[in-house]
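S.K.: Could you put the whole structure together from the sequences, leaning on the hints where they help?
The primary structure of each chain is shown beneath.
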Amino acid sequence: MNLFDILGPVMVGPSSSHTAGAVKIGLVARRLLGDAPVQAHILLHGSFASTGNGHGTDRALVAGLLGMEPDDLRIPKSLELAEDVGMHVRFGSVHLRGAHPNTASLSLKSKNGRELQMVASSLGGGRIQVCQIDGVTTNFSGEYNTLVVHNQDQPGYVALVATVLAQHNVNIATMQVFRETSGRFAVMVVECDQPIPRDVVESLEPVHGILKVSYMNVEG
Amino acid sequence: MAYYAIQQILDDAAARGLPLWETILEEDLRSHQGNREDTWNTMARLWEVMQETSRTYDPQDRSRSGLTGGDGARVQEAAAQGKLLGGPFVQEVIAEALRTSECNACMKRIVAAPTAGSCGVLPAVLIPTAKWEKLEDQKVVEALFVAAGFGQVVAARASIAGAQGGCQAEIGTASAMAAAALTYLKDGTPQMCSYAFAMALNGLLGLVCDPVAGLVEIPCVQRNVTGALNALGCADMALAGVVCRIPADEAIDAMGDIGDKMPSELRETGRGGLAATPTGKAIAEKLLSPLSEETI
Numbered sequence: 246m247n248l249f250d251i252l253g254p255v256m257v258g259p260s261s262s263h264t265a266g267a268v269k270i271g272l273v274a275r276r277l278l279g280d281a282p283v284q285a286h287i288l289l290h291g292s293f294a295s296t297g298n299g300h301g302t303d304r305a306l307v308a309g310l311l312g313m314e315p316d317d318l319r320i321p322k323s324l325e326l327a328e329d330v331g332m333h334v335r336f337g338s339v340h341l342r343g344a345h346p347n348t349a350s351l352s353l354k355s356k357n358g359r360e361l362q363m364v365a366s367s368l369g370g371g372r373i374q375v376c377q378i379d380g381v382t383t384n385f386s387g388e389y390n391t392l393v394v395h396n397q398d399q400p401g402y403v404a405l406v407a408t409v410l411a412q413h414n415v416n417i418a419t420m421q422v423f424r425e426t427s428g429r430f431a432v433m434v435v436e437c438d439q440p441i442p443r444d445v446v447e448s449l450e451p452v453h454g455i456l457k458v459s460y461m462n463v464e465g
Numbered sequence: 607m608a609y610y611a612i613q614q615i616l617d618d619a620a621a622r623g624l625p626l627w628e629t630i631l632e633e634d635l636r637s638h639q640g641n642r643e644d645t646w647n648t649m650a651r652l653w654e655v656m657q658e659t660s661r662t663y664d665p666q667d668r669s670r671s672g673l674t675g676g677d678g679a680r681v682q683e684a685a686a687q688g689k690l691l692g693g694p695f696v697q698e699v700i701a702e703a704l705r706t707s708e709c710n711a712c713m714k715r716i717v718a719a720p721t722a723g724s725c726g727v728l729p730a731v732l733i734p735t736a737k738w739e740k741l742e743d744q745k746v747v748e749a750l751f752v753a754a755g756f757g758q759v760v761a762a763r764a765s766i767a768g769a770q771g772g773c774q775a776e777i778g779t780a781s782a783m784a785a786a787a788l789t790y791l792k793d794g795t796p797q798m799c800s801y802a803f804a805m806a807l808n809g810l811l812g813l814v815c816d817p818v819a820g821l822v823e824i825p826c827v828q829r830n831v832t833g834a835l836n837a838l839g840c841a842d843m844a845l846a847g848v849v850c851r852i853p854a855d856e857a858i859d860a861m862g863d864i865g866d867k868m869p870s871e872l873r874e875t876g877r878g879g880l881a882a883t884p885t886g887k888a889i890a891e892k893l894l895s896p897l898s899e900e901t902i
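Protein chains in written order, with the numbering used here: chain A, 246 to 465; chain B, 607 to 902.
Derived from the structure by calculation, the hints contain no laboratory data. Each hint should be verified, as a subset may be incorrect.
As the list claims (entries may be wrong) - Label-pair restraints from in silico Cβ distances: (1) A:L368 with B:Q744: 30 to 40 Å; (2) B:Q613 with A:A411: 42 to 52 Å; (3) A:I417 with B:D617: 40 to 50 Å.
As the list claims (entries may be wrong) - Far from chain B, some chain A residues (derived; all Cβ distances over 12 Å): (4) E328; (5) G428; (6) P451.
As the structure is a computational prediction, the values presented were derived from the model and not from experiment. We treat Cβ as the ideally placed atom computed from N, Cα and C, and that holds for glycine.
M.R.: Shown next, in the form of structure tokens:
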């Protein structure tokens, strides 16, 4: 913990968990989608659903989807701005069994047809946890450059991804491997110290058995 | 590791012959391999944003719920008309606490200090003090280092989250941080800063987190005034030579202990205290989210 965990962050109010954390969830989702969403179906769970309206959680999530940071003064106007850029947003509430009280489920589609389904929780102080990607349980914070690979659940893919990252001089900070319960595919979440170059993604995407490659770099 | 005890900060400062703020800054640099200039500039930026928030206050703004807005201006106007009891400095502290907290409720940009719900306490005392005492920005930034360093000990030993420790952890901590900062600004000794901090925390021990409808508005906005005035009183006591018999670190531990014993109804769930009053419940009902539930 450093001094700026006590003073700061600079953020648009009223709540670090319900507003700043919600912006972050939207932003991480946009980055992982790889493009601006044109369709967003957002379901709010728990306290997000019951107090989200008063805390501007809906606006905060959409602001993140538009690429805004938690201190962006346009956050209160995000729903209108989304309409201006042709992003269609639909809200609902949901009960997710066992989920943290401040949780949102986002189903996104981009202009070029990419899709992402993500469930994330706001843990307080603006920190978040991504708990699910495309139905597979995950656990990462979005604080690091993150590579997410969906692949067939067969030997060799972890080694391949590690090799490609090494070839690009990207150091792995943490690595988690998850498996969809039906065994159809596996998901690898790799947090990295260096930004993930586009090249890494391009060399992984055509590989047979790799179903989807998503990534986000924290600096944009 | 950053400091785990206020006494440790005081001892270190004395041993190294450094002011409190510099002791805290250096420990932060050491434990995070930080850069001195960047760290200073980040803190200076927080002071700028605090002043910016106050400047952008608009009495016409209302929160999404419609429950909050315009009160900072109301106090300022009544003060100008000579209707109030407190002197001009105290009036300004009250108005400033309301302005910043109302900005937060109205989705404007604030500095969480230590949380968004308690963001009005530090600016409420720092902005008027800087003006009245004609302080350089540098001195105020130093005071923010003192506030953050002391606040960090609370986060390490107890909690600064209402959901964990109740409002004493949020407004209580903010008030204690503000009291230490004020004492530093008025050239109090490190020991006086520690006394002011402990007295301010002690005064708000047991304060529960009971926001109506779960929103950071009732009573949060007005509790920022409570925190700011408490800080002022405790800083003045410490500067006058009044001592606090319970050391700051033990006060923090007591606060943590009380927080652990607080029922969850009184820890930011919006289910107890003011939130559970007939009026609180009626407000919540009126604001209930219009979202329809879906199942996936």
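S.K.: Could you let me know if the closest chain B CB is still more than 12 Å away from the CB of P451 of chain A?
M.R.: Correct as stated: the minimum Cβ-Cβ distance to chain B is 32 Å, above 12 Å.
S.K.: Can we confirm that no CB of chain B comes within 12 Å of the CB of G428 of chain A?
M.R.: holds, 22 Å
S.K.: Holds or violated: the 42 to 52 Å window for the beta-carbon distance between Q613 of chain B and A411 of chain A?
M.R.: holds, 48 Å
S.K.: Taking 40 to 50 Å as the hint, is the beta-carbon distance of I417 of chain A and D617 of chain B inside that range?
M.R.: holds, 41 Å
S.K.: Given the range 30 to 40 Å, decide if the beta-carbon distance of L368 of chain A to Q744 of chain B lies inside it.
M.R.: holds, 35 Å
S.K.: Compute the least Cβ-Cβ separation between E328 of chain A and chain B, then decide whether it is above 12 Å.
M.R.: Label holds. Min Cβ-Cβ 18 Å, cutoff 12 Å.
Checked against the numbered hints above, the structure breaks none of them.
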